[in-house]
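Listed below, chain by chain, are the residues.
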Amino acid sequence: MTTTVNSDTRLHLIALPLAVLGLAVGIMLVWLEPLASLRQRPTPAMGRSASEVKLAAAPLPVELTDEELAFARTFSPLPPPREDPTNARSQDPRAAALGQALFFEKRLSGSGALSCASCHDPRQHFADGKIVAEGIGRGERNTLTLVNAAHHRWFTWDGRSDSMWAQGLDPLEDPLEMGGNRVAIVRLVARDSAYRTAYERAFGPIPPIDSNRLGGPRIPDAAKPVPLDVDDPLHVEWTAMREIDRDRVDRVFSNVGKALAAYQRLLVDNDSPLDRFIAGLAADGKTTTAPLEANELRGLQLFVGKANCVQCHHGPTLTDGEFHNIGVPVAGGGLPTDAGRYEGVARLKRNPFGAAGAFSDAPESEVAVVSQGLVNSPEQWGSFRTPSLRGVANTAPYMHAGQFATLEDVVRFYSTLEGAVQLDHHRETLLKPLHLTEAEIADLSAFLGALTGTGPAEEFCSAPDSPLAPRSIAR
Amino acid sequence: MKAWVAVALLAAIVATSACDRAQPPSISAATEPPPVPVAALQPVTASPPVVAEPVHAWHSTTSGDGGFTARWYTDPDPIVARDPFSVTIELFADDACTTPLVGGVLALDAAMPHHGHGMNVQPKITAVGPGRYRADGMLFHMFGRWELFFDHTTDGQTERAQTTVVLQAVP
Amino acid sequence: MLVAVAVCMLQLAPAHAQAKVPSAPTRSAAACTIYGQFTRQLDELERPVSIAFASDGRCAIVEADARRVRVIARDGVELARFEGNTLPWSLATGSDDGAPLAVAFGPDDRLTLAAPRRIATFARDGSPWRLFTGVASAEPVAIAWRGTELLVADRALGVLVLSAEGVERQRIRDGLLRPGGIAVAPNGGFFVSDEDRHVIARFAPDGTLEKTFGDRGAFPGLFNGPRGLAISGDCLYVADELNHRIEVLSFDGEFRGQWGMHAVVPREGAGKIHYPTAIAIAPDGSSAIVAEPFERRIQTFVALDASSAAAATMPALGGVQSHFGASLAADGDLLLLHEPETASVFVFDLRGATPIHVTTFGGAGAALDRFSRIVGLGVDAIAQRVVSIDGGNQRLAVFQLARDRAESLKMDPFMARLVRSWTFDAWATAVASFSGGAPKSTLAPSSIARAPDGWWIYDALEGLIVGTDARLAPRSVLKTGVRGGTSLAADANGFAIAVPGIGAVELLDAAGDRKETIRGEGATRLIRPTSVAYSDSGALVITDAATDRVLFRRGATLSAVGARGISDGDFWQPDGVCAFGGGRVAVVDRGNHRAQVLTNDGAWVMTFGLGRAYTKPRSGGES
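Chains as they are written, first to last, in the working numbering: chain R, 1425 to 1899; chain G, 15 to 185; chain B, -7 to 615.
This is chain R alone, in the form it adopts within the complex (with noise of 0.2 Å):
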């Protein structure tokens, strides 16, 4: 039999290698792009990569038992944030958009040198792995990470806010961060095309506020109230504007951190291997697809147990969200200086950007009703916020005024108190030492580090090329 090359052969000599080309190529792209991308992302400092997920079925290395095992159920999965009525564009991907592109916009702070990115740096989970804040000054606190932090019912340390998108002002404002001010902010977003567009497409027409437009308003180039400090020249120049303008100011200021409020509702971690765990247990909880470590699980049985983490450090959010006094010790001794909580909710009710305010899409939602219902009494005097322990191993260092390094300092502090600061012998603490062996310091710090996650997706981690360009909803 005579075998003869012609056209249609031809044709698929072409044909097959191209076609089995494309088959791999749609591989690699569909299968393997992720696990590239995972390699860029800075990998946990404690966790494990997705690569180490076992599939089958296992025992556990350590056995729990009924109740830790429910203790531990509660933990996982993290849902999405709950809704923020107050901020109608929380879940639209058009203000998250323009808030990503403000996120790493430097020219918001007064400097011009600083941006959010600087101190929640996305390479260090959010956060800037400093004892306390460092932007124009050096601040007072530890800076939060931002991921998951849509969770949270009050913001930050001491509660300041009751919205995520008022928190996200403060901090553009405040001479020792971003040293910024409203109306020169204002100003940039009016200004720059693709802000305004990016703007006026999720909040609608930016009110008339540039000051060189013939016959337009007089608006100074950079005014902010700065109640403390009434001689300050910022102040001086916003007192002196028009109530109508200062309203519209606020308006889009606030939207701005409504903006930003959106984008940071996409930073969620929640496949830990905790939550990997969690999600392989069986039914009766004796196998699991995803085991954790010996030590991890040890740590859980602590954490759920004899350390009774689990008091204030619950749910899927590892925290109940309020505000304790633990008598952490002052860096450098001495007495402690921050009021915590019982001044933050003081400033929380003073300020104009909140739930139940003016700018709020939401001033008579439930949000606003317990917002305004705060207690402020003396006993919250030096509380803080409970916080969040996903992500914990890469959050050093830790507590409000950064005073422990690394997370067996903390486990050390709680098992001793030793240094705990209690200046009234009257009362009694909510804590008791736990007296843990070195082991079981051990295994607990284990546990925490098996809390964090890959993190926030990688599209989220940096400056976008436009403000324009939509971002997907996150899980």
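Partner residues aside, some chain B positions facing chain G, computed with beta carbon under 7 Å: (1) ALA359; (2) GLN392; (3) PRO405; (4) PHE406; (5) ARG409; (6) LEU410; (7) VAL411; (8) ARG412; (9) SER413; (10) TRP414; (11) THR415; (12) ASP417; (13) ALA418.
Here are the simulated DSS-like cross-link-like pairs (lysine-lysine), alpha carbons at most 27 Å apart as the crow flies: (14) R:LYS1730 - R:LYS1856; (15) R:LYS1648 - B:LYS203; (16) B:LYS402 - R:LYS1856; (17) B:LYS203 - R:LYS1773; (18) R:LYS1648 - R:LYS1773; (19) R:LYS1773 - G:LYS138; (20) R:LYS1710 - R:LYS1730; (21) R:LYS1730 - B:LYS402.
Calculated Cβ distances over 10 Å to all of chain R for the following chain G residues: (22) GLY81; (23) THR88; (24) THR113; (25) ASP169.
By construction, these hints were calculated from the structure, which means they are not laboratory data.
In this text, a Cβ means the ideal position worked out from N, Cα and C, and glycines have one as well.
Take the given structure of chain R and dock chains G and B to it, following the hints.
Frame of chain R; chains G and B shown alone:
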């Protein structure tokens, strides 16, 4: 021939599906809730839909001096720790709950006596009928045993009815 | 005598090197001198309630229990003394009535004294006293000169501004509940401490309120029962009594430092401060004097070298201490005590050999089931109910104890439940309408005693004894005319009221009419009787905080037991007494942070506190 076309088509399909930029696998399959459809306008002539009155779990407790009895239900029930909840209350001057207690002012408060702290918020109380009130913005911020207080004040004298509410850490 | 005093002073305990005196000025801002370095102390003063410096460094000390004022030179030599007949008002009226309560040096360093309703000034040039009577202040706590005007802080009225002629020019209240001290700022404005609101109020020279700062607590910038004030430079010094410290702040209330620490051993001074109520700073800023009338001493301090300041945490004394306050009550198998620092009530079960602490309730706060300043307690063991009088929140309250006697004894934090609460105002209205539409007056209930099927409540302002039912609703009103009493006792025949301000116990019949005034004499002389109770055997028991004795009156005979000290059967500032059951009485031994139980004859049988009790005598004291 057809086989190669099929393979090529398959490759094409696979290649285009890659352009969706699939996310890395995520074990916690939390999905965005589906968008709520906008309710269609009802024609005026349609009869209003019959909505069943939601069934509430009413509780009751009598004040320490026996001066009044409070009936109430919470929303949600059971109360979820760390989430705001509301309470609907009816006050009666008698144990049999036949005579509404009209007048005076009602306040709600709560505490965890073994932890030595109270509730961090003061609810907003609205009168919604004779002897009927609604408290909004309640918040139990910790698990464990709470004592819930119904304080009825007339002319500077307050009488309290009290009940125990336990929030379980593990459902 | 003067030489003896001088020698005494020079031989006083030498300066304790490096007594732990914590302070830590915060942030930047102007530094304030922290007088944390102890130099010496003067003991055995009879309740030194007020101290003041003259411009040349002389200082004056008022000892209220001894009704004495001393003027002492810088080197400790006593320059002058006024007591008894030589007190200016005694000179004027010929009788020794009214203890001096406050002192200040005025223009030309004229010594100025305040007593109830009287002000006296004494010029240096030897001209006699000028005495102003009819001053409205019945309970002056502190006075301060401002140019040619005298400011008087009165416990009940607020601040009175008097001219140099003693004429009242202005009266300022502005929300002040219980003034504890006053200091004048260089600009003519002034600060007033408020013991019940735990704040300092700052007033402008014209008397308008400018700012209020502080809140109740132990942290920097907070107070617990702030009392005497002093100003030096730009700094405000506060005798923060229940926090056992001197706190230093700016004129805006910003924390600048503190010193002092609670004593670990009874009577310990040497820089440890127990209950400070007055402070004075030398005009040249070289030293500060802190008065602790409770400890019967003053301590002198000089500036602390900042480099030697230690971390300022209080010693962790392992949980709750038995800092009992002046009210206690017992009935059947229940006993109540309270603690002013935390405004909490302790309930003890008496069915065992020693009292067992079974619950604590209350705590400081404004909520209806919390307290500010407890002044009276009562307990009914059959109904298992507690009644309280809260002078700071101005409320009367009834609590139910959910206690099942069949269960074994255990601590139960949920035992006490508030049942009913009256504001003082609502109660006064009820009393007025019970009295047949009489105009409502301000009442200040201050003590409570058991009545058949109810209670007797004594009001110190109007001198009423109101009989109430179990819910505290008035059933009878007796006008006694006895004002200013601090403790009420009742039996089948009538009442007894302790009136420490006049050093007497008034006996009344069942209708509330005066029968007899007990003053004692000689060894049983009453100086400052603080509490009264009737024992099982019908004896009237009286505690005297000035003499540290417990007195028993049977028939017409008055006998005394106890002595000043820390051993069993000794007392230091006893206050609060009640019948204990089994023919015994319980006495709050405040200064020794404990309670003691005596037989009806005064023999010691037991000492107890929270979690500790013993019935065999020990040497030394329990704290």
